[in-house]
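J.: Residues per chain are reported as follows:
2 protein chains.
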Amino acid sequence: MRVLVSGGGGFIGSHLVDRLLLRDDCTELLVVDNFWTGRRSNLSHITDKRVRILETDVERLADVGLFDEIYHLASPASPPWYMEEPLRTVRANVIGVLRLLEALRPNGLIGFTSTSEVYGDPLVSPQPESYRGSVDCTGPRSSYDESKRCSEAILFESRRVSGTQIKVVRLFNVFGPRTRPDDGRAVSNFISQALRGKPITVYGNGLQTRSWGYVDDIIDGLARFFWLQPTDYPGPLNVGNDREISVIDVARYVQSRFPKTPIVHLPPAPQDPTNRRPDLTIANRELPGWACQVPYEEGIDRAIAWFSKNEELRSASHDDVAAEFRKSALHM
Amino acid sequence: MRVLVSGGGGFIGSHLVDRLLLRDDCTELLVVDNFWTGRRSNLSHITDKRVRILETDVERLADVGLFDEIYHLASPASPPWYMEEPLRTVRANVIGVLRLLEALRPNGLIGFTSTSEVYGDPLVSPQPESYRGSVDCTGPRSSYDESKRCSEAILFESRRVSGTQIKVVRLFNVFGPRTRPDDGRAVSNFISQALRGKPITVYGNGLQTRSWGYVDDIIDGLARFFWLQPTDYPGPLNVGNDREISVIDVARYVQSRFPKTPIVHLPPAPQDPTNRRPDLTIANRELPGWACQVPYEEGIDRAIAWFSKNEELRSASHDDVAAEFRKSALHM
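Protein sequences, first through last, are from chains A and B. Under full-length UniProt numbering, the first sequence has 164 at position 164, and the numbering climbs by one with no breaks. Under full-length UniProt numbering, the second sequence has 35 at position 35, and the numbering climbs by one with no breaks.
Just chain A, same shape as in the assembly:
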């Protein structure tokens, strides 16, 4: 069984690689990553001989033969990163999925991590998979949102005309170990700021809500959907935590762990969705027994513990560069 994971050096991708290596039927695992937002350190613990790491843009993937299972996770996922290089983001997702379809063995399975961002700034809550979304296809988040939507279209249309076996998940916010300290999203921002004794910065009033899933729970959902559960359902499938928490509440929780840290407010990020919460009806049907198990507070504590051990965080200069670029990207 030859398996390929694009973006396997990333936050979620590297956890998926770990999980795939628990499978005996996986004889070869090719990790494809250009280490743009992924990091080699996310894979440095792996000694398994089945793993090969290929450093390349997925959309430029050379001939690597055919695979039985392909998981396409290659994409930046945080606004400052994709807003900095929007065309590259589109290429990774859209041309990436077209390239990977060519590397799929007949009757092989291609799994894709789409995103709750396909719902944009949703007008219904919680969001069922049937909700068509409210995305500004000309806006500053469009490279990510629209390339994920277009990649879904490619997969579902490939299934319709060619019978391709697909599994498409829509991930809601995920947090936990291996998030980049300069990722730029709330949980990792707040923790890395607090750890360095800097103020916690909240974009806007912080009343925007998200549904944060701890990475172990999310990977468990992916594993069940992609290979453990005998389901023919192609997706789209919401995978996330349906406990909705405001950004300011996250900031306050992190602050409770670092009591001297102030919270400061910055101008709102452009077109920041006001709310986000998965309708898990289909997940409950397709993945019986699956649910997010790690309470949010415990997840934050675990993330703090991981970030505390992360040497990189002590490099203020690195973080300042990242902060500068976040600022320029977000506050147009």
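Just to be clear, a hint being listed does not mean it is correct.
Partial list, derived from the structure: chain A residues whose beta carbon lies under 10 Å from chain B [what the hints assert, rightly or not]:
#  : residue
1  : M83
2  : T89
3  : V90
4  : L101
5  : V118
6  : P128
7  : S130
8  : R132
9  : D136
10 : C150
11 : G235
Selected chain B positions facing chain A (in silico; Cβ < 10 Å) [what the hints assert, rightly or not]:
#  : residue
12 : N107
13 : P140
14 : S143
15 : S188
Derived CB-CB ranges, DEER-like [what the hints assert, rightly or not]:
#  : chain 1 : residue 1 : chain 2 : residue 2 : range
16 : B       : A62       : A       : S162      : 25 to 31 Å
17 : B       : D249      : A       : S162      : 25 to 31 Å
18 : B       : D232      : A       : L228      : 53 to 59 Å
19 : B       : P106      : A       : K198      : 36 to 42 Å
20 : A       : S162      : B       : P199      : 47 to 53 Å
21 : A       : S125      : B       : Q271      : 20 to 26 Å
22 : B       : A62       : A       : F35       : 30 to 36 Å
23 : A       : T56       : B       : K198      : 51 to 57 Å
24 : A       : S162      : B       : A305      : 39 to 45 Å
25 : A       : A62       : B       : E55       : 27 to 33 Å
The set of hints was computed from the structure by calculation and includes no laboratory data. These numbers come from a predicted model, not from an experiment. Glycine included, every Cβ here is placed at the ideal spot set by N, Cα and C.
Based on the hints, put chain B in the right spot on chain A.
T.: For chain B alone, kept in the frame of chain A given last:
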């Protein structure tokens, strides 16, 4: 002034080429077309030495130098065509626009014909450009709708990060001479059926509405927006006729010209939008003096006259093949 038109052999593209040739400042006009849905006969009247025709997929365009103006029209636009080859449709639009951006001279202008299909099955009427749409990104029309949305995202994000000069229009339904007889959409279907003494086939009850713009009026709108009018507005700009007419009314009007022709109803086309009408507020502001001038009835009469002279229509076998394939594509 070097100008490139992708899809210049198509229905709208070839009319745009004719219009561009009226400009003295256009010294070279490269038509890029793979003649998938475009036709060489649409260009056979052109003797102008400035025109060069390059038969290639736009996404595989070889090095042709840099251009001052590029107009990207290459895409099938009719459901049976794009539903037959959805991945090729995505490639033409998305990889096409990425490729064309590389062929744009610094400070050059790229114009893109997007579509009212970015609104999907709209929940507001008329549709202003700010309406975010109701598109099923997993549905049988998604290859077209989502690749147009994604191409818009690419252009607006290219403008944001690189200052690229862009002009994006969203075309509503267009009809008139040079439509393929086997295009598969209402007006051309009805006329070609009636001309051959066959029943007029209406998908569903025919109460779905469209806004049909006669091609001369639409090309006039494009010319004004793309080069005649001194506007920095990048779009998106609705260009269409805001007179909303039901499909059954079109069928009846064509029937009034061919009184013995029956109208028969077929099952509805999948995810056929129920309504479509442009809000022209921005068009009225940006293109003062422009409006659709040709009354719909006169446009139909002109289209009938053109189709009557078109020899291809008399080839029943050709049409039957097209009808078969329309049926298989539309009635899943």
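J.: Against the structure shown, which of the earlier numbered hints fail to hold, in ascending order?
T.: When the structure is compared with the hints, numbers 6, 12, 15, 17 and 20 turn out to be violated.
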